[in-house]
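Peer 1: Below, each chain spelled out in residue letters.
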Amino acid sequence: MTEANLIALLTDFGLKDPYVGIMKGVIAGINPKASIIDITHEIRPQDVLGAALVLASAYPYFPEGSVFCSVVDPGVGGKRRIIALETQSHRFLAPDNGLLTLVCERERVVESASVEERRYFLEKISATFHGRDVFAPVAAHLAQGLDLDKLGARVSEITRLSWPHPQMERNTLTGEIIYIDHFGNAISNMDAELLKSTFGDDLLKITVDCKGHLIQGLSAYYAQAPPGQPIALIGSAGFLEIALREGSAEKDLGLRRGSSLTLKKGK
Amino acid sequence: MTEANLIALLTDFGLKDPYVGIMKGVIAGINPKASIIDITHEIRPQDVLGAALVLASAYPYFPEGSVFCSVVDPGVGGKRRIIALETQSHRFLAPDNGLLTLVCERERVVESASVEERRYFLEKISATFHGRDVFAPVAAHLAQGLDLDKLGARVSEITRLSWPHPQMERNTLTGEIIYIDHFGNAISNMDAELLKSTFGDDLLKITVDCKGHLIQGLSAYYAQAPPGQPIALIGSAGFLEIALREGSAEKDLGLRRGSSLTLKKGK
Amino acid sequence: MTEANLIALLTDFGLKDPYVGIMKGVIAGINPKASIIDITHEIRPQDVLGAALVLASAYPYFPEGSVFCSVVDPGVGGKRRIIALETQSHRFLAPDNGLLTLVCERERVVESASVEERRYFLEKISATFHGRDVFAPVAAHLAQGLDLDKLGARVSEITRLSWPHPQMERNTLTGEIIYIDHFGNAISNMDAELLKSTFGDDLLKITVDCKGHLIQGLSAYYAQAPPGQPIALIGSAGFLEIALREGSAEKDLGLRRGSSLTLKKGK
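Protein chains in written order, with my numbering: chain D, 29 to 295; chain H, 29 to 295; chain Y, 29 to 295.
Be aware that one or more of the hints could be misleading.
Computed cross-link-like contacts, DSS-like style, restricted to lysine-lysine with a CA-CA straight-line distance of at most 27 Å [unchecked claim]:
(1) Y:Lys152 x H:Lys224
(2) H:Lys239 x H:Lys292
(3) D:Lys279 x H:Lys44
(4) H:Lys44 x D:Lys239
(5) Y:Lys152 x Y:Lys44
(6) H:Lys279 x Y:Lys44
(7) Y:Lys61 x H:Lys61
(8) D:Lys233 x D:Lys295
(9) D:Lys233 x H:Lys107
(10) H:Lys224 x H:Lys239
(11) Y:Lys239 x Y:Lys279
(12) H:Lys279 x Y:Lys279
Calculated directly from the structure, the hints in this document are not laboratory data. A quick note: this is a predicted structure, and the numbers were derived from the prediction, not measured.
Could you put together the complete structure from these sequences and hints?
Peer 2: See the structure below:
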């Protein structure tokens, strides 16, 4: 794998405190030429599922050899492992709490390690901030090309989240909202492939029922909708989403993570 | 023009989702040596006017050759064009929705293009996220020195926003608040040049009436005011603004974008 | 001192406006190879004490030669000085308003300057945005290795904040909350050294009283607590903090900056 010397950061640390800046300072001390890109630091505190989704929608767009350092880590200081995985094009560092579930579903893992070799950590390791003491220095070394087998033993099994999968019953496909974005768009767990294999190519003939709001057919893009009217469309990560032009599906339709929606053919 | 290989980003994407990070990942894949600077990603969703203002206050401070990639794009996926403009010192990429109105008022445009050449886009183009699929890759190429004529035909006319201009009537200059900043300072559409040409150099003798709050004379800086008392001063972008020391003109005086204010000579 | 050519930024400018991006544009124009790391821009407006704390928790983790450019500056445009300090490993630029109090308590200052030499500023200096006109360009020059004595005369005395120090009386140590972080953890002014010198090594036998909530003994890490039960632990910056697993000590216990807490031995 080419080394991009690029570290992408994903945390629930927020931007108010110095935590993210400190991680970058640690990286700069070890690997001053590394490029650092923030995916986001606004994952809801301790929302491992949200982090897994956001990571999965982002990593395919990063150059080969990028290192993804994800720290949403309610178990910090306890017995949870930290793992490093290598796929054919990227490397991932995260607590072993399910954060890498989707990466493992979608990619072939070619190498892995339970991160234990303290020579790649900061000298003094706190029990509360492994982002600074473990993740940042290990990511800095990985981006420089450190082999995973230097970090610790291969892992045979990683923790996986149970994922809410859409269900088909009597011609009705039932899914749920799994993510609300900044614009209030409500993104479901039903992707374009599933819709096509279920309903065929003509997605204009689907009816979406979303908390009683009936939407006829899929739109191609946001501006196709009249202002204030909910539309369904395939969003940028490939999933069916509900949106409201000049509005918010979250606020105006009351959609939340976990809200269910059903699809069927015809009106 | 010197190439700075610097891309400045301005969007309404917020920082909660991976959208901005994904754009940076795409840029890094094409142009790994580019420097990327965030102007802001907290433009109010779909607020093209706000984006135009923020861009205009920022670009003069960037080095020659910088590329400004602005994505506030309610029309994404529809028929709106994407345009690239080159002035004597910078390059600008934006949807053709008025976002570049102020740049065009203030700079001489020396080259332009309607961005259509798909070889500079990502291979697969969604209908909902051109920031990732079009803007980021094109900006990456522009920062490397790509000529605008490679992107598409020159544009003869660009979309311009109608701008709220101050009005003079019977010795009274009436303007309005066009931007509220993080500190709650309320920034108007009246710049220092206009004030001087209207009232002469002695701005201590102006009276500002702002929702019934009368302010006598302009202050030079924030700390000149007693705590809690509104002051008027020329802000850092050259516009008259209303501020409240240890307070917020927005919250404490009820100022909003669109609030009118009047100036006249004397008390 | 090695030059890292790294500038760490700390402000109360927020991320909504272009202010931080403009500072980075100015830096890039002077020192295009500088790395820029954001510590945070979400210091509460004009909260010099908060900025001092955040800076103190961050700088030790940055590489030697880093320049810390801190702009929380309610006195901008007035008579307050801007100072530059050099310690054995870092350089600091800030308004002389107490922001560097903790740096001076903890480090030996080997060089200092009152920043006055206008050749290192932007040509035109506003009265309201010295971050852009003074701090950014001076930081850019410092990161390139400019000697402090080029900036102005040495300073003999700097402004210091009066710090809330813990008090011991009749076997009870009384301190206060000085910072609330993104997770709602409430961080006190009592550090691990003080606790050990006061109570000995066995911190399991301390009782913390925090607005009537009694906490027996210190935990090692967050996940040790049952959900919803407050715990006390030594946080990542070395201070005693109150936390609530899957909750917020701020919201759920009503802790604020300034809330007092007492510690004594035994139950």
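Peer 1: Find the hints from earlier in the document that the structure breaks and name them by number, from lowest to highest.
Peer 2: none
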